[in-house]
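Undergrad: As a plain string of letters, each chain reads:
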Amino acid sequence: MTVATAGGIGDEALAELAQFLGPEHLITSRPARLHRARVPAPFPVHRWADHLPDAVVLPGSTEQVAEIVRIANRHRIPVVPRSGGTGLTDGAVPLRHGILLDLKRLDRIHELDLENRTCTVGAGVNMLKLNESLSKHGLIYPDDPASYPCSLVGGRIGTSGWSLIGSRYGHTRDLVLSFVHVLPTGDVVRFGDGGGPKVSKSSTGYTLKPLFMGHQGTLGVATEATLKLYPKPEAELSPFWAFDDYETAWRALREIVWTDCATFAGAVLFDEQKVAYLRRDDEAYIPQPENVRALVCAVLYGNEDEVRAAGKRLLRTARANGARYLGDEISQGDWAARHDRYATPLHGRTRTGQVVPMSWHCEDAAINWTELPAVSRKWHDIVARLRERTDVFDDWGMFAYTSARTGVDYLTEIDVGIWEQELDDESWALWVRAKRDIAAVAVEHGGSISACHGACREGEVDLVPDELGGGYDVMKALKRRLDPNNVMNPGKYGFDGAFEEDLK
Amino acid sequence: MKPYRRADQKTPPPPQQMSDVAIMRFEHIFEVDPKLMQEHVRQHAFPNWDTQRIAASRHDHLDWMHRHWATVVVSGEELLDD
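Protein chains in written order, with my numbering: chain A, 565 to 1068; chain B, 105 to 186.
If you are wondering where the hints come from, they were derived from the structure by calculation, not from laboratory data.
Quick reminder that beta carbons are idealized off the backbone N, C-alpha and C, glycines included.
Among the clues, some could well be false.
Examples of chain B residues toward chain A, derived with CB under 10 Å [stated by the list, open to error]:
id : residue
1  : M105
2  : D124
3  : M128
4  : H172
5  : S179
Residues of chain A clear of chain B, computed beta-carbon distances all greater than 10 Å [said to hold, decoys possible]:
id : residue
6  : E576
7  : V620
8  : R681
9  : I704
10 : G891
Here's a subset of chain A near chain B, in silico, CB distances under 10 Å, partners left out [stated by the list, open to error]:
id : residue
11 : N885
12 : Y889
13 : T916
14 : W983
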């Protein structure tokens, strides 16, 4: 057996791809490949060429995706699926060159079932554009990542995405009823709950749907999905509160979540370093008084009478727990901006305070409420040690977002500005080490390395076996069984270990 | 309507120091203090109308996002007054 460990596409494979795709949908120009080599996750820009795909293909149907994968198997060429390319781990970044499978032409709404409140769409459909269409029918697909205006349904499946309002509506895994999936061999199957494409709960057979979500392209590629729809909310309320200190805010957060209002869609805790960062540059926070040191916001969506009743309860609870309402202007403006965090031009500061261009990098983990303060302290220490060494990194503070209605765990993120133009092997090594340390803290505190982005990047990926234990061995066995030629996104999740015998 | 004069547009109002690191020339529009943009990144010169257009566009975008997600935005201040 020969497994795909390196790129390089021969003329024969290129001719086969061009023959059925049409030459216009097979691109080998350097700019097109450069544009698809990276995502917004930390990226070693000084080694960009290491991640160049050999060719970009733009299939227009599930059948074409399947044929591409079959050709890749015949020629042992790596295949890396890519939807919006907005992921914050590097699932869509080629590690072994090969074929970059760009899904953006799968952009059709195939069916809108108003009776059962579902729609079936291609993997290249964007949620914002979908919701513009659904709005005419009073419906919404409430999958709401920070990349809402630019990420695509296929990527949400491949990364098992997290949604800002998931405490009310669920996350991608809950909102996708079923999907058509091309396996690493090129076979096409549908995964859902049971066999019916629009079933939300089944006990027939194994529950395979979650297994084929969040694999970062290592187990194939989703091409079409059937989605659960909700009525577009009548009303939104998004109060923001200020606190004198982090601990008071952290305790108030729990009380706000525990009001257990049915329209509660999520809450966010801003720590003191986050407020300090916002006070540097954010129009809403520059004028705030010094006693604004930590923040909590919550959001409610639903019928207007229910939102108003729940809002009063939340405001009452917050005030009883040391909160000061920041006013409608900040509350409404800041919340609206949270649907679109990728549009913000960013800069950071050197240690002397001078402005430098920086990219936003967000390291996430799933952390229980009880562990948030300790994890916060340790993560800031890690980034402080980075900053002591170089101006390439800047601590932009932490958020903790509810993942579930009960407040059991939080998508906890530390935002780090990185001056990418200054990256070199030495600073990249510092970053990878910090990333490993950040992941180690999450595991040490009984959490998970990632709540949202994925855990297959350099640094963090080393700790996936520690977190998952025997579950990681099952992952490797599945990978080897389902992708015998290791064509799907080779190198990710340390899966080369699953093919050690073949590599010998 | 005030007539357009290019020279006026190239002369921003005097800055008001809002914090150690930020100034304000137009109401609710903040800028990084220029003394912090000397070494690596220089400030761009914007005509006054363009500065205000960018800020107004941002507000248009946020208003659009509210309408996109819900029909009505409930006021917290109003609920507190009830």
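Undergrad: Hints first: check each against the structure and report whether it holds.
TA: These are the hints, each one checked on the structure:
1. M105: Since the shortest Cβ distance to chain A is 28 Å, the answer is violated.
2. D124: holds, 9 Å
3. M128: Since chain A brings a Cβ to about 8 Å from M128/B, closer than 10 Å, the hint holds.
4. H172: holds, 7 Å
5. S179: This interface hint holds because 5 Å falls under the 10 Å limit.
6. E576: holds, 48 Å
7. V620: Given a closest Cβ separation of 31 Å, the condition holds.
8. R681: holds, 18 Å
9. I704: violated, 8 Å
10. G891: Since the minimum Cβ distance to chain B is about 7 Å, G891/A lies within 10 Å and the statement is violated.
11. N885: violated, 15 Å
12. Y889: holds, 6 Å
13. T916: Since chain B brings a Cβ to about 8 Å from T916/A, closer than 10 Å, the hint holds.
14. W983: Since the shortest Cβ distance to chain B is 9 Å, the answer is holds.
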